[in-house]
Amino acid sequence: MISLGSYLAISFALFISGIIVMIARKNIIAMLLGIELILNASALNFVAYTKFSNNNLDGHIMSLFIIVIAAAEAAVGLGIVIRFFQLRESIHIDDAATLQN
Amino acid sequence: MSTFNLDVYMPVVILIALALLVAGGSILLGSFIRPHNPNKLKETAYECGEEPVGSAWANFNVRFYVIALIFIIFDVESALMFPVAAIFKKFNQIGLGGTLLLSILSFTLVLVAGIVYCWKKGDLDWVKSFNAPQVNVASKDK
Amino acid sequence: MFTNTLFLLSAVLTLGGAAAVVYTKNLMHSCVYLLASLFGVAGLYACIGADFLAATQLVVYAGGVVILMLFAVMLTGGSGNNINRYGLEKITAMGNTKTFFMAGLTAVVTSLVILKILASVFKSHSATVLTANEATVDKLGTLLATDHILAFEISSVLLLGALVGAAVISRPRKEKHD
Amino acid sequence: MNSTVVTYLAQSNEYSAVVAWLTKLIGFNANSLVAFMVFAVASLVVVGALATIGGLGTYAERKISADLQMRQGPNRVGPYGILQFLADGVKMILKEDIIPANADKFTFILAPFLCMVGVFATLAVVPFSSGFMLADLNVGIFYLVGMASLVGVGVFLGGYSSNSKWSMLGGMRGASQIISYEIPATITIVSIVLLAGGLSIKTLINGQGGLPQQWYLFHNPFAFIGFFVYFIAALAETNRAPFDLPEAESELVSGYHTEYSGMRFGLFALAEYIEVFVVSGVAVALFLGGYKVPFDLGTGAIFVEKLGLDAMIAKNIGQVLELGSFFTKTFALYYVVIWVRWTLPRLRVDQLMTLCWKYLTPIAIFNLLGCAVWMYAFDGKSIYSIIFESAAVVAGHH
Amino acid sequence: MDYTIATIAPIVLLPFFAFVINAFIVKKFTNLAVAISTGAIFVSFLFALRIFLDFMNVYSVGYYIHKTFTWFDLSAGSHIFKVNMGIYIDNMTSVMLLMVTGAATLIHVFSTWYMHDDPRFGRFFVYLSLFTSAMLGLVLSDNLLSVFIFWEIMGFCSYSLIGFYYEKEGAGNASMKAFMTTRVGDVFFLLGILAIWSVVGSASFVDIYNAIAAGKFSNMYALGIPLATFAAFSVFMGTMGKSAQVPLQVWLPDAMWGPTPCSALIHAATMVAAGVYLSLRMYPLMELGHLLPFIALIGGITAFGAATIALVQTDIKAVLAYSTISQLGYMVIGIGVGSYNAAFMHLITHAVFKACLFLSAGSVIHSIHCQEMPQMGGLRKKLPYTFFAMLLCCFAIAGVPFFSGFVSKDRILGDALVMAFSNPIYIPVAILGFGGAFLTAFYMFRMLFLTFFGDPRDHHIYDHAHNEHLGWNSNIPLLILAVFTLGLFYSGSFTGQGEVNLFGSKNEWFSTLIHKPDIASLHHFAEFQSEDFGAVDTRDKLDLPKATYDENHGMSEEEAHHVHQIHHVGAIASIIIAFSGIFLAFSMYVKKSINPGWWTETFAAWTRALKGKYYFDDLYVGKIIQKGLIPFNNLLANFDMGIYDKYAVDGWAAINRFAYTVSRWFDNNVIDSGMVDGTGASVRFMNVILRTIQSGKIQLYFMVLIFVLASYVLTLRF
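Protein chains in written order, with my numbering: chain A, 8 to 108; chain B, 4 to 145; chain C, 60 to 237; chain D, 90 to 487; chain E, 453 to 1170.
Hints may contain errors.
As the list claims (entries may be wrong) - Per label pair, the in silico range of CB-to-CB distance:
| # | chain 1 | residue 1 | chain 2 | residue 2 | range |
| --- | --- | --- | --- | --- | --- |
| 1 | D | Thr141 | A | Leu94 | 53 to 61 Å |
| 2 | A | Ser49 | C | Ser179 | 14 to 22 Å |
| 3 | B | Phe35 | C | Leu67 | 45 to 53 Å |
| 4 | D | Thr141 | C | Ser179 | 55 to 63 Å |
| 5 | E | Val1160 | C | Ala78 | 38 to 46 Å |
| 6 | A | Ser49 | C | Ile213 | 15 to 23 Å |
To be clear, the hints were calculated from the coordinates, so they are not data collected in a lab.
Beta carbons are placed, not taken as given, at the ideal position from N, Cα and C, and that holds for glycine.
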């Protein structure tokens, strides 16, 4: 039951969910949720490949740093969202379409 | 390197299941014997006996977010530190403790710089937020 | 037996969580579902012996990122369907038929691409023998302290940057008249 | 490694006999199945015991507070009022379950479950004795940190879902307090991991001995300070006084569980009391030698040697001694926790954050670096062994 | 002394670290930052000195240090794509290193005085440090790619320093102009690197030399011209931009908006010389591409043209700026006429005396807060050290015997004369060269006399000249530089390897050590093997033969005699020219026996042209840039109305009305409605589409991204 194929399938499903969330939602925070899903899918892929190919831990390291980067990304991204909300009172993505003011 | 069986995770699963069972079971058990006669007054949120004004889901102080932010950064830092700390003893025994110590030092000090920055800028002062006016919508949103 | 159960539970939690994130219209709920999904991913890590990563996933995501998201949701007005004083729709914006149609289209295209890439994998790796699980902490530590020392040190700089940047961005600002 | 209750029992002949019998009976390898059943029973025992301890915690709290305030405390139900917690339990089950009309029902129901899951899952790695331990994960202590952080989500969601301003404030405060104090606690744990050289709880405890000078508490000055940092942070993480701001009665009515009634409230309370036990246990495991019994009595070898007992029986006696050692220390800490609650006044919210970020966290980081430098400089020796060895050297010269 | 990268890299890294550190501390600890910068470059200087002395000790033509390491390796299978970085030091580099670090040290010291009262005192040093490290990196580079990287960093520093006083509008414009103008050259330079890479598969100098020696460039064509020519021209365009050769010279005079020490370092001594240095390194390619006559001609035009403009300038820094352009022109002539070591020697000597001249001008400007020469005069008594230094430098640049400028410039001119006798293409070069030499002597002494001699023309300025502020850190650098304008340091052999000869024709170390890497002598590099990072150079310098001075320069006795004769003629001519220039200036501005006003009135048109800098700026800004498109449109319109309508349409109409009607119908319906209006409509239509796409809606972008990616992946087969 545990095989590379099943892991890839799960990460594929996660990835697609992330894509759908990212595109369908107009709420910036919800989009960030989608990004987290996508990042998790990729991290899962790395670990699965590592396990089922040569079993050295480079994939683990990669996933570890993906997690690190995801955390940093969430922190900065949400910071921007909050700042934007303070300015606009909106977290609708299309309100962020203008470059100025 | 010793190997391990996934059976070690059994207790984790069992305990999580137990937690859900205990919690769900006790509530379910109560539902057979406890009274159930709700009225509108019971179901309003407590606000010192007055009618609740507006929703509680208003905006909150940004300070909370900054705290959470510093937290997550240090959380990640500690997550990265754990494996390195775990091998410190081993490395020390084979004479590589000095280099590892240096890398731990530099890693930590860089993050200390971050907390020093936040300290200097007053992000760690809770009181300041009460004094400083801010673009907080909570008070305006009625 | 137990391994498969653990895997199935985790997979169901992951996929169910992800599906619920897609499905739900309530932002707060979708954060909670995300938590479930990430929890499931931690279980999946555990299933292939990545114990440290599983724990990291718990610590960073369950404890950190999701809390941060919840805070951000609260700071931007909770999930009530309020209309703010400018008449803008304040929250929700969780998509409508049109956006979901677009998203579905994109998802189909993406899945075509990924399936094309993965087709060979599905064919060739049908029967893999699981290698024994080994403790990863020491190995990871050794890797981090030797081969990937640069990445390790630079990640501290990245975190510093994220900390300072996000703190600057989200810091409450004084208004002009003060 | 991986010495759990199953591996402990597997040392006896009966266990393998049972496995063999079952294998024959059902036709495939029953190792896993027996392990599952053993784990299930052990988990039930642990959960039962801890639920009782949690319940007794409420009783102890009242009794001790009464004692501190020269009162009687509960004394009607049972001898010395010891059955008070049962009466409380019955009351909670019998109470009406009210969900506010404006509440977010999904999260309202979910929140106490999250708290329960977070706390119960940590029980898996609590080291009761060298044999009676549910799971000795390779990442034990780190796993504990991760699972415990679910409580923060539970508290936040509890506060959020009620749609009451008191709850909301309490929930926000509670969550930010829990996550804030997680940092000094975690960093202190890292410094102990650095001393022990592994994340598994067993490794952490095996680095220590039964006698106080072998504990990590007295290993070096940094660890000594670290203990207090960890203890304070743990108090705050469990929302105990003087850090019980999320449920400060005078400010926030009842904090994040204002709107919870009946058993749902009971779950929060139960989770809290068990968590206090868990963090006390972790403090014992990290700093106070865990289940170690002085003079290696815990292994039971000495009984075989001196008293000529059967090896398995001797081991069992050793286990009992270890259990005693662990529970004694943990309950002592538990007592201190309650004692602190009824002694110190509550902090203000800004003092709380200042304490965390401006005192505990820098001190914890300093301790971490100090421990690393200590390890490097003194080759991992404890302060006692340094003094003892130098004394021995001096003595040898004369 | 065995060298590794670790023992050489500090030369570059010290100033760079100084830059990094200072960038952080400069606001709070300005003085510390200045001390760090100056200290770092001084230590670099010591390193460079050690390398130089080591090379002098070996004293061999064949000795070089070459260390490489792989920067990145994208090789896949048999396809090799490997980018190496490395350090290459030969005799030329060692001299260059010494010059750059020495001049930079002195200028740093001078700047501590000159910039001291500036509000951005510290920031100036931050830029200087970055610049110095980039320049040293360029000099040490072993390949064109890293040369280009450092080249661009220098461009940035130059931009920042020209615009240092960014409150002044002129400074901002000048910095932008400098940046954009050199960019033209840089684009070509990059093109040249790519062209070379396409043949050699590497950008390393040594690989390029080997490829040339192996004839890899033969039968390679780009755009229908030989690739060697194309590459050589492109690289030389880089030189033209950086070294301000006609027609890209316009930025250098404007660069004088920057602080004077930076003008001294960047726009006189080092950066502009880097262009020439590049051409010197690429000499075999220039030779292979038959570009030398072109180079010589460009150099001649620059040398003479800039000198003429310098005649009429009144701003002391402007005179120096044009003189710099002119002297750079001489170096380029040197390259063009194959006078390799003289060109390089002129680079070094010019760096020294021009840095000194700029620093002198700087101390004059700083003392009287004025740059206009007509308002100066008689400053000799107020600023005696400055006067002394400037006098020596003027002798040097004018080509008075026993001074450095004579040694180098005379050799260039002599070789130009030799070439002129053998090849008529070079005749204008020789004429322009000698003419320029005369003008140089004249305008330099004009500047000297106007500044320091005569009576004070503006007593207010004269009285307020506060020479008491001059300190050791302003005078010592001047005097040190002035001492090194003496010719014996360059000719002769002060390192003790030959006999000292003041006339500089016997046993001189400069032309002994620095040999032209012309195609015939490239076999020297063939034995090269790339070495790993930090490996000790395998060349055993004990085995290397000591270089000896060959009076005949490898020619036969007869030829050499002939060449020597021409050289003697050239030397005598240039001495006469120099003195006559000086005499003319003396009689105009000191004796006042000749009235310069008469000359300007008589040749008013010329004067206007000179004052207008030959209208290059007007041409570029007014004609090409601003009106570039409109005149082109007008031309088309004129063609349409003036020629097509007048002759063709009217003529044809008169002959054939039917054709006219058809033509008009065609014009109206197809051209106007269909094409002209259609163009507008299609633009509007595209506008609508593009505006919709460019909506700022990130999800849309994301979708498009995915679709494009998908269409790419789905068409792949694997």
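Inset, instruction - Enumerate the violated hints, using their earlier numbering and listing them in ascending order. - result: 3 and 5
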